[in-house]
Amino acid sequence: MSKKTYLQALNEALRQEMERDDKVFIIGEDVGRFGGCFGVTQGLFTQFGEGRVMDTPITESAIVGTAAGAAASGLRPVAELMFVDFIGVAMDQLFNQACKMRFMFGGKAKVPMTLRMPQGAGIGAAAQHSQSLEAWFMHIPGLKVVIPSTPYDAKGLLISAIRDDNPVVFLEHKLLYGVEGEVPDESYTIDLGKADVKREGADVTIVATSLMVHTALAAAEKLAAEGISAEVVDPRSLQPLDKATILASVEKTHALVIAHEAVGFAGPGAEIAAMVAEEGLEFLDAPIRRVAAPFCPVPFSPPLEQAYIPGVDDIFNAVKTIR
Amino acid sequence: MSKKTYLQALNEALRQEMERDDKVFIIGEDVGRFGGCFGVTQGLFTQFGEGRVMDTPITESAIVGTAAGAAASGLRPVAELMFVDFIGVAMDQLFNQACKMRFMFGGKAKVPMTLRMPQGAGIGAAAQHSQSLEAWFMHIPGLKVVIPSTPYDAKGLLISAIRDDNPVVFLEHKLLYGVEGEVPDESYTIDLGKADVKREGADVTIVATSLMVHTALAAAEKLAAEGISAEVVDPRSLQPLDKATILASVEKTHALVIAHEAVGFAGPGAEIAAMVAEEGLEFLDAPIRRVAAPFCPVPFSPPLEQAYIPGVDDIFNAVKTIR
Amino acid sequence: MSPDKKTLVKMYETMSRIRLFETKLQEFFAAGRIPGFVHLYIGEEAVATGACAGLTNADKITSTHRGHGHLIAKGGDLKLMMAEIFGRKTGYCKGKGGSMHIADFDLGILGANGIVGGGGPLALGSALASKYSKTNAVTVCFFGDGASNQGTTQEALNMASAWKLPLVFVNENNGYGISCPQCKSMAVTDIADRAAAYDMPGVVVDGNDVLAVFEAVTEAVKRARHGEGPSLIECKTYRWRGHFEGDACTYRCDEELKEWMAKDPIPRMEEKLLESGVLKKKDVEAIRARIEQEVKDAVDFAEGSPLPSPAELLEDVYA
Amino acid sequence: MSPDKKTLVKMYETMSRIRLFETKLQEFFAAGRIPGFVHLYIGEEAVATGACAGLTNADKITSTHRGHGHLIAKGGDLKLMMAEIFGRKTGYCKGKGGSMHIADFDLGILGANGIVGGGGPLALGSALASKYSKTNAVTVCFFGDGASNQGTTQEALNMASAWKLPLVFVNENNGYGISCPQCKSMAVTDIADRAAAYDMPGVVVDGNDVLAVFEAVTEAVKRARHGEGPSLIECKTYRWRGHFEGDACTYRCDEELKEWMAKDPIPRMEEKLLESGVLKKKDVEAIRARIEQEVKDAVDFAEGSPLPSPAELLEDVYA
Ligand SMILES: Cc1ncc(C[n+]2csc(CCOP(=O)(O)OP(=O)(O)O)c2C)c(N)n1
Ligand SMILES: Cc1ncc(C[n+]2csc(CCOP(=O)(O)OP(=O)(O)O)c2C)c(N)n1
Ligand SMILES: [Mg+2]
Ligand SMILES: [Mg+2]
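Residue numbers (the numbering used here), protein chains in the order written: chain A, 1 to 323; chain B, 1001 to 1323; chain C, 2001 to 2319; chain D, 3001 to 3319.
Misleading hints may appear alongside valid ones.
Said to hold, decoys possible - Taking beta-carbon pairs under 10 Å as the criterion, some of the chain B residues facing chain A (in silico):
| # | residue |
| --- | --- |
| 1 | PHE1045 |
| 2 | GLY1267 |
| 3 | LEU1281 |
Hints listed in this document are in silico derivations from the structure and should not be mistaken for laboratory results.
Glycine included, each C-beta is placed from N, C-alpha and C at the ideal position.
Just chain A, same shape as in the assembly (with noise of 0.2 Å):
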């Protein structure tokens, strides 16, 4: 155990995935010499040479493709896209070839493919650098999404992802690259599908995701000094969801706030919402609030982009109208 930023846990997971197993290789632009955009895959060109750490042209679809051909084919590509905004132009290759072939044919196929995506705003990047697309990815039947918020869960959850035999999005935060946490020097494993309370508290629940996490984290704290006991729960991944820790919270605090950096509408958070309305009506003693980014593209400008992000008040003041 030793601190190491989440972006390190990240690379560290890679590393030992890559030793642990040959069939695993890294495809995406600029991930070999150059470590990656932001630098996640640092070393590993060296370690593991060209043919294990590919470089390819701009060619985001062709870079899906020939994870899930490769995949298909018996290998564990984990491929990264620069940016999550730029899965636009290589979609088809995701929901309609790797998340369907093997039910499409019949259960034959194994597609066990990660495909890495740094999301969110907070760097300036503008409009088309800077989503948060988690929701469209949860409504793909045959994939999987997880979302890590700090780096002890972005190391155990990447591992399992590159070990599981389905195709599985990994959607880091840009913010959270610096974010400093315990991370076991060890290779380790979180099971997809398993939520973590990430503070225990009484009177509301909070599910946050990725950066929102630490957003929630210090709501809670100014909640608390106004004598609120905020739950924060994360999901950690949002396909397959873990339904039973979210209601088991919410019918403890009887209330439930949901956090997100994507736009609200039809966004994350919708269908946490909804589950609850189904599935734990009863434990609601206050309506659901949803705090999430306006219903606009991200802005350029620092104070719009910061006006764009939820933020602590946000949270603070989406319990305090129903606690």
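Place chains B, C and D with the ligands on chain A using the hints.
Chains B, C and D with the ligands alone, transformed into the frame defined by chain A:
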């Protein structure tokens, strides 16, 4: 007023708009002499010529991008993708280009384009030709999403979509093309963002879209036979979403069932359920129920496909669990 | 490389098998007994047959919406195909895929594909896997004239060449993408000319001459196997039927069809085999009878097979 | 067509304007005063300048992530650009777009673009609109060597040619897509060779020679304007800075950079103008001083401008 099919209503809307405004043109694969894969553009090539009814190569990114670029340059393109399932190769041009242009450029662009796409299962077309993807489109700021269920709505909404100054995704259902209804011969519009109460009722609200409106109406008949009075609300557009009409109905009936053909998880119903759990929780006296396709790709074989598409009994049974 | 007798006869048989299998489908579709879309390959049999005749089971193909010919040429089982097209539980995909989504990984068939251009990127992955694992296998990617304009296809051509992957692109130029004639979908006459844009060999062959296809593809496969990278073989051919069964084909003229029917690849091959004495008239008849029986058996198998049950719907979504 | 004196001087000024504007950005970025990404065009000024010098305001361009040069060459206002890059309310996009999303429809600038290859399809639409409305305008689509491998770009090339659209594709081959050298991203040496795949003229020019670019593009624009369809002009050039400011550029060597810096397009043009007597030394100094003042004014304007307020966030989403 005369009886027309949904397909004829769409065709008439296109013809009348093209007659009215010479900036309106049609672009897509086989939309010309062939008349479109399902026949929606039949006859328009003959009437307007290839200058206004344009067959493209198989190149969906270019189709959507051409529409966006032409719209930003002052025209009013109506583009067709043969199946909504093909959006995966063209999503970037829609969500990152057409829908964000106005915002990114600080309000300088106007992108009055309509993108027509048939959705839905029921014709044995299997996993890549049968999906319902409205949830993805709902999650895109800058886009409007229209999903008509009747010939009357189809015509009025398509005319409104074409006249709208924003990108509009217009989602038709293959199984509705042959459905007949009364449709005025003259041109008319239906406001985007106005739901239609397709049947009034007192005991339960069924919010249904597209083909499911008809299924819901049949279920309402069956429920009536058991003394349960169901109100069927058809949002007609999902973005903007007519929250007021839905909430008013739930306030009256105290119960909500949502029916759509898209898979349930993170589907369009999630947003509707979440919205009610936020803004109308106090109206509910029972859990919300969603009726949707199971979480799998669309299967080919008829008995599987029939089981996949939500049916009258699925809606009926869902209501019965709460009424 | 010119094929030995066994290969010659096998190619003749394969073409006949495709023809008779699909002629049966045509009948069944007309009779309303097949659900969904059926895209027939009738008239184009020489392409798949010539392209696959030199491949082993370790070699791979990616196919298209018009895939029956590719599958049969790569050794696909008629019974399992027919059952799948009939939507039966015993079919290749347990009835989940249908005509457009048949695969047989054991035979190196990575799947038909309902997305035009969808196969190119997948073929890259398959070819990369062979290179990565040093298996020596080659992947053949079939794609149409229409598909050649799709971005995914062009990306695949580029990356295959940049990475020198063991891949052969076989373009089936039947002159149309649904109703759109080639001259409206692109300015070039020969799709093979696009090879130069990626610095790979590009060859045009008579797609109704199975030997010409065999030769060109075999040459390209050899290059690919020796690590010299991909090639593009354009096979000029024609589909006799509509784009899908039910298409009235109003966009083309009868003369064109007649011209091409006169170039039917099967009798052309038959004549050659008879003339050269490789086959006798009675061999030809025996072959036909045998394949007719195979097709009949496939139909019987399909018709005798159960439909899948709704309980199977949620199986095979995740591994 | 060789340019008249006025055009020559204007081109020299434009290149200098781009250089001085961006040199200022480089400083500001290093000082931490510019948010987000900045992709500088320094070293490539001759491409945008030569390509736009013959265009009118009615003509259109689509730009890229590396767009400042294109915008300035097409007449973009330095003040509005600088204010936008600084994220100010007075900027081209009210601070909503930033460096990668500047547009000025009145000048025919249809927007920079954060998606590599994103501009191609939009350029089709713009060119189609001109043809549809018979305006005689031509659209110039800028794209990089990296972008040329993207499917969208290739689709755009194909459709432009199939439809004979008034479009000129200007490839800025600076040898790299971020860290990926051209030789790794494609097998061909000249991207202009790809033109043949779409049956359009393809020309290679020295992208550091503004007159060569001007000539080739002007010729292509003429063709396009006369309804003869698109062309592809490949301009070989080099970016002096990293891919974005902050990139340490470890993937290329100093010698390469030095070689290219020796080919700096601006002194090259300056010498020509001095030699031919079009400009005198003191004219050159006056021009430089004037542009430095323009840039300073732009900075003052930007710095003196307010930031947007959060209330504006939901404006401009829908028309
Ligand atoms: C991405 C995509 N676009 C459009 C279609 C509809 N479609 C199916 S087959 C076809 C024509 C394909 O033409 P070509 O590639 O020449 O193959 P052919 O049918 O002639 O064998 C089209 C447009 C599709 N299935 N996928
Ligand atoms: C679809 C997409 N993929 C990847 C990127 C990340 N990216 C931005 S610029 C760039 C390199 C572009 O290279 P090139 O087209 O040669 O232009 P240059 O930067 O050299 O001017 C890349 C990979 C992107 N913005 N969009
Ligand atoms: Mg074809
Ligand atoms: Mg470049």
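Hint by hint, here is what the structure shows:
{"no.": "1", "hint": "PHE1045", "in the structure": "28 Å, violated"}
{"no.": "2", "hint": "GLY1267", "in the structure": "6 Å, holds"}
{"no.": "3", "hint": "LEU1281", "in the structure": "4 Å, holds"}
Hint compliance for this structure: hint 1 is the single one not met.
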